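Asker: Protein chains in written order, with my numbering: chain D, 4 to 411; chain U, 4 to 411.
Among the hints, a few may not be true.
[To be verified] DSS-like, lysine-lysine: derived pairs with alpha carbons at most 27 Å apart:
1) K125/D with K208/D
2) K126/U with K126/D
3) K125/D with K254/U
4) K126/D with K125/U
No wet-lab data here; the hints were simulated from the structure.
Nothing here was measured: the structure is a model prediction, and the numbers come from that model.
Here is what each chain is made of, one letter per residue.
Number of protein chains: 2
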Amino acid sequence: MTDLVRIAGIGMTEFGKFPDLGLKGLSKGAVDSALTDAGIQPEDVEVAVVGNAVGGLITGQEMICGQVVLRESEIGGIPIYNVENACASSSTALNLAWMQVQSGAVDVALAVGVEKLTHEDKKVSLEAFSAAVDVEFVRDIIAAMQATAPKKEDGAPAGEAKPKSMFMDIYAAAIRGHMKQYGTTQEQIAQVCVKSHHFGALNPKAQYRNEMTLEEVLGAREVAWPLTVPMCAPIGDGAAAIVLVSADYAKSKGINGPGIAASVLKSGRLPSAMEEMAEVRAARAAYEMAGLGPDDIDVAEVHDATAAAEILAYEDLEFCPRGDGGKLVDEGATALGGRIPVNTSGGLCAKGHPIGASGIAQVCEVGWQLRGECGARQVEGARIGLTQNGGGFLGNDAAAQAVHILVA
Amino acid sequence: MTDLVRIAGIGMTEFGKFPDLGLKGLSKGAVDSALTDAGIQPEDVEVAVVGNAVGGLITGQEMICGQVVLRESEIGGIPIYNVENACASSSTALNLAWMQVQSGAVDVALAVGVEKLTHEDKKVSLEAFSAAVDVEFVRDIIAAMQATAPKKEDGAPAGEAKPKSMFMDIYAAAIRGHMKQYGTTQEQIAQVCVKSHHFGALNPKAQYRNEMTLEEVLGAREVAWPLTVPMCAPIGDGAAAIVLVSADYAKSKGINGPGIAASVLKSGRLPSAMEEMAEVRAARAAYEMAGLGPDDIDVAEVHDATAAAEILAYEDLEFCPRGDGGKLVDEGATALGGRIPVNTSGGLCAKGHPIGASGIAQVCEVGWQLRGECGARQVEGARIGLTQNGGGFLGNDAAAQAVHILVA
């Protein structure tokens, strides 16, 4: 493991709604922190990759977002790549930065995720999301879902004639299928949310730092059955940054941060393909690259755009057999002190989900866990961690799925 | 040169205004052509990088553009990266695809540039461009330019109180400085445009295929002195694609396409930096990577967003000493039969400039030149070619500059 690309610096802003901060201010907060953490000067950065998903639609700053925001941290001249992969934009950025260091092209690379998602008109924020799908295709999917949607327990139709939230409708349909097939319950989904809020309350950077009871989660307004409002990731702003260095550079500078044992990006399968969904393929490829398996993982951050998606992730990442995700919740296996604590940051539901920043923010949390710096939410003895970050929908799969495995 | 990454397949659509074609149809045209040209099946592509600049603002398809458009060519499941760098978006995509093959990570990579720029409301197209700058910063620049702008030959102010075209105003200010310092004339700029239209008339994929006389170019409507309408790249739609393969793969399959001797991306300098502009730095780094110099270049495609920018590019790329760009035009050195023919495709001014596609389209042209397939516009005996593609503005430099050097 001594030849791994190392995480030399970690930085992120608090996540939340910051009307006075734009893409520049958010980025500067995360980048300057990461550079300081690494003890690396702006002029030492050889390449930068910046992930942003909807900043262009919200702020009008498109195309050269990275060059514009990094200038605030006195970074320029070097190759700067602007990348997008919806909610997986910044894990994609990290993957490309890692590739540049891993290949020997550079010794120091910066990966940044930044998102300005809040807008004085909330409709603008919500409409921006609609670009994360093949719009024509998803219209057909939703129509099909609604035609076949199961009824609620009281017999009322589970779907609505017109979806309030396209993404949440897709997530809701997926978990309804799981509930029917495996007996997963709404209470188990709510329990994930209770856990996330508990962790969020322990994370000073989380958007929501309030504990919630099972009754509060279940009694909240319904978004799309079985999902209630706190089970869905909120809209927010934020940024996160990681400084990567080569093994040789780390040695020469005495840097001893976590190593990246695997960095994998996969896209959604073709409609005609018989292969597994991208999340499963990305996880398997990452385990293979790292020479590790799901039993080796001590702590994980997964893409809980909804609390229900976290249960599906347990299975896709092979933390438990297919269908046993709900049981994992019942056993408390993914809570603090459990076999494999998940989303100790609070996850997307409580920490927040400024979408272009979320992937790197997951890596920040796992990096801090492996450095033993998480205080009250620290997983004791965590040595190996995993992050899973999904982006967009395309037909019967996510558009993109990125999995990273870190070792202390 | 036998270990170079090879261009196995080249494909592009005709450039122009295609109201019936969206991002999907445009991409499919280029990608399917490139795969057929390479004799490579969609399932053999291991990674794809897709450059698009303003498709999101024009069509609403953001964030996962690559996944959506590549599905039309039966490509999915693999890692797909969506990248932006304004007008240099697709040369950035090519650089990343090259890096993946060069590093040994994959044997077959696809790079695509696609742009849907036309819109039934032309204002939407024009406003989309404004995202390729740091908007706040450029406002200040333009104000400063206008305060100090030289007068026209007849004494009228050269600038207007409110710029009609921010980009063209910046280009015009740059060339006015050059005219003053080095004696470059409006006739020389017009002559570049005459050359581009001559080449465009010989290129069946060009948006403008009409010859123009010097008088017609000079007599056309003024955009920002000394630039007239035909001296400025038009708005259009299009796509271009390149299939790259590793040297080993090329050998095993008997593929003998041009090799990539250099692939370089640089960003604009910081306001405080004393370094050269990105175009100069990118060219020098590319010459060094290739072990070649400007005298070795037989044919080049440069970023003539205006005909004036082509003259500046001659100097930045060291085809002639600083200040001698105008003389190069007078000598006919960059015309067919000259010492170093430039923009044989017709360049951005005549071939067209669907911005996210332009960088790869340049590489398509040079690739075809090195394969000897350019018919009436063929540069005899072309063995080494260069492309230069700039993107966006940021303060006193381009936001991004990419230079590629190809060898037959």
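Asker: Now, for every hint given, state plainly whether the structure supports it.
Answerer: A quick look at each hint next to the structure:
1. Distance check on the hinted pair: K125/D and K208/D sit about 23 Å apart at the alpha-carbon level, within 27 Å; holds.
2. The hinted pair formed by K126/U and K126/D meets the criterion: a straight-line CA distance of about 23 Å does not exceed 27 Å.
3. Among the hinted pairs, K125/D with K254/U is inconsistent with the structure: their alpha-carbon atoms are about 56 Å apart, more than 27 Å.
4. A distance of roughly 25 Å separates the Cα atoms of K126/D and K125/U; the hinted pair therefore holds under the 27 Å criterion.
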